[in-house]
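Asks: In case you want the letters, here they are:
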Amino acid sequence: MAIKAISLYTFQEILRRRTFYFLIFLLFLLVILIPNLPSFNIGVKQQLFLDFSLGFTSLFLAILATALSTNQLPADIERKIIYQILSKPIKRSEVIIGKYLGVLISLFISAVIASLAIFLLNFVHFNRWQPAIFWGVTLGFLEASVLSAFVFLISTLATPTITVLLTITFYFIGHAREQLVELFAWFKFLALLFPSLESFNLSDPLAHGVSIPFSYYGLTFVYGLLFSTFYLLAAILIFNQREL
Amino acid sequence: MLALYLEELTKTYKLGFKRTPIKAVDSLYLSVPEGSTFGLLGPNGAGKTTTIKAILNLIKIDRGRIRIFGEDHYNYQVRGKIGFLPEQPYFNLSLNALQTLNFYGQLFRMNQSEIRKRSFHLLEEVGLEETSHLPLSKYSKGMLQRLGLALALLNNPSLLILDEPTSGLDPVGQVEIRNLLLKLKKEGKTILLSSHLLTEVEKLCDQIAIIHKGKLVLSGLTEELLREREKVKIHFKSPNKKLPASIKKLAAKTSQDGAVFTVETPSSKTNDLVRELIKQRCQIISIKPGGSLEEIFIETVAGYGN
Ligand SMILES: Nc1ncnc2c1ncn2[C@@H]1O[C@H](COP(=O)(O)OP(=O)(O)OP(=O)(O)O)[C@@H](O)[C@H]1O
Ligand SMILES: [Mg+2]
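Taken in sequence, the protein lines are chains A and B.
Each residue of the first sequence is one higher than the one before, counting from 1 in my numbering.
Each residue of the second sequence is one higher than the one before, counting from 245 in my numbering.
Warning: the hint list may mix true and false statements.
Straight line, CA to CA, 20 Å or less: simulated SDA-like cross-link-like pairs of lysine to any residue [what the hints assert, rightly or not]:
hint, chain 1, residue 1, chain 2, residue 2
1, B, 304, A, 234
2, A, 91, B, 257
3, B, 477, B, 493
4, B, 481, B, 460
No wet-lab data here; the hints were simulated from the structure.
Could you put the whole structure together from the sequences, leaning on the hints where they help?
Replies: Written out as structure tokens, the structure reads:
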């Protein structure tokens with residue numbers, strides 16, 4: 001019940017932020033603009049549209065996850081609202097989980113809006129009925145949840161600026177993980193701490209109409225869940241030790 | 245039963261780059277019996293807020309033990325019995341008073357109807373019923389303080405911990421809050437209160453503890469501490485502008501300000517002294533009770549140096 005209260009409170013607070021609507025508006029605009037890009041023929045144009053819009057959605061969800069999560073704990077600590085919250089009969093872990101879920105609700109709603117927009121445009125403009133779009137965006141949402149958990153972990157220790165910088169680094173390392181492992185032998189062990197964020201990126205195969213086995217979605221889901229849990233647990237361990 | 249028991253509570257902060265240790269609370273023992281009103285006093289930086297934060301498990305303590313109604317303070321559920329007003333109550337300013345109480349009520353695991361009933365009652369009690377729909381960004385400092393108090397009472401706590409409850413309140417507000425606390429005291433609630441307003445503490449608290457630099461320097465029943473130090477101050481003028489020797493002999497302490505003499509005496513000797521003053525044809529200007537908590541406080545703290 002405490003977790004539910006905190007997550008709803010977090011979500012309501014996010015709904016009051018202008019950045020949230022601005023980012024959603026921006027994404028909406030991009031998705032709508034892409035079909036009007038000049039291109040050679042209809043086939044390429046449709047592939048381009050899917051590739052771009054799915055890619056944008058993933059990137060947008062990642063940015064949103066970072067923007068919404070970075071200040072969750074630091075702001076309450078800074079404003080000392082955390083005293084009011086933690087003097088109640090709740091555990092510190094409930095605060096972190098509640099806030100995390102509040103961010104996930106916001107990301108989920110954004111993902112639903114984005115996938116509906118892409119799906120409908122794909123249908124209206126190109127007369128294609130491709131429910132796999134929803135799967136593609138779902139993976140983007142999963143990637144964003146992993147990122148958000150990572151941000152919560154870092155924000156228990158670092159200032160918001162450092163958190164954002166580290167998260168950007170994390171994002172790029174996560175996407176270039178396979179190449180880095182090939183390039184540097186020593187990165188192999190470090191790589192265990194980072195998920196391969198490319199596994200969440202299906203915009204290319206989906207754009208080319210490659211059908212993806214259901215087991216892939218299942219495995220990726222478990223994979224993302226494992227990393228999120230791992231980061232969140234670490235965040236809880238650190239937050240439990242923290243002075244306020 | 246003890247509502248609160250602190251054993252050897254010690255907390256060191258590490259300050260700055262060099263990590264210079266500061267003992268904010270130093271081997272503090274405190275016992276707050278159930279049903280008592282306990283005043284935690286001490287100069288700025290004495291360690292009152294730190295002690296309170298330790299009780300609520302907001303900071304990690306170096307050493308010691310804290311028991312709340314017999315339970316360890318690390319047990320988060322025990323905070324369900326506590327109502328807490330922080331030194332400066334902070335809120336999410338985009339919410340209004342009702343939304344705020346609703347959120348925290350859920351953290352207390354209260355149900356919606358319970359929260360609503362309690363919220364309306366408490367907002368009326370602290371005088372915020374008419375502004376309960378105003379966003380808190382429009383609240384004045386005193387109004388936020390009142391809301392803080394309402395929140396501290398939301399769960400109908402057995403132990404109320406108030407860090408300077410009347411700070412930021414106007415004189416009328418201070419009296420209102422004091423009366424509210426007196427009412428709670430009559431209901432049998434245990435109150436631990438930190439305050440700099442010693443007249444208020446004197447009226448409210450039946451026990452006090454004075455801490456200084458994190459150490460306990462004086463504690464006891466307010467009444468007894470005051471009685472032990474009970475004295476009377478008499479201001480008078482002497483006919484020949486000199487202090488009569490017989491008076492000087494009777495008084496514990498004398499001083500002079502122009503033509504006005506002041507003598508201090510334990511209250512048991514007041515009658516003797518007054519009789520002698522009349523005999524000496526002195527003109528008595530005023531007789532005032534001394535030995536206030538304020539004097540005890542200043543003497544105690546000064547005695548330990550700064
Ligand atoms: N977060 C902190 N980091 C470092 N030192 C701290 C911290 N909080 C308090 N202190 C130090 O601990 C000591 C006790 O502070 P505390 O706030 O408990 O005093 P207080 O008795 O509540 O004073 P006041 O009457 O001014 O509210 C002070 O020397 C203070 O500088
Ligand atoms: Mg204080």
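Asks: Next, verify each hint and record whether it holds.
Replies: Hints, one by one, checked against the model:
1. B:304 / A:234: Holds. Residue 304 of chain B to residue 234 of chain A sits at ~19 Å (cutoff 20 Å).
2. A:91 / B:257: 24 Å, violated
3. B:477 / B:493: Within the cut-off at roughly 15 Å; holds.
4. B:481 / B:460: Not OK: residue 481 of chain B and residue 460 of chain B at ~42 Å, beyond 20 Å, violated.
Checked against the numbered hints above, the structure violates hints 2, 4; every other hint is satisfied.
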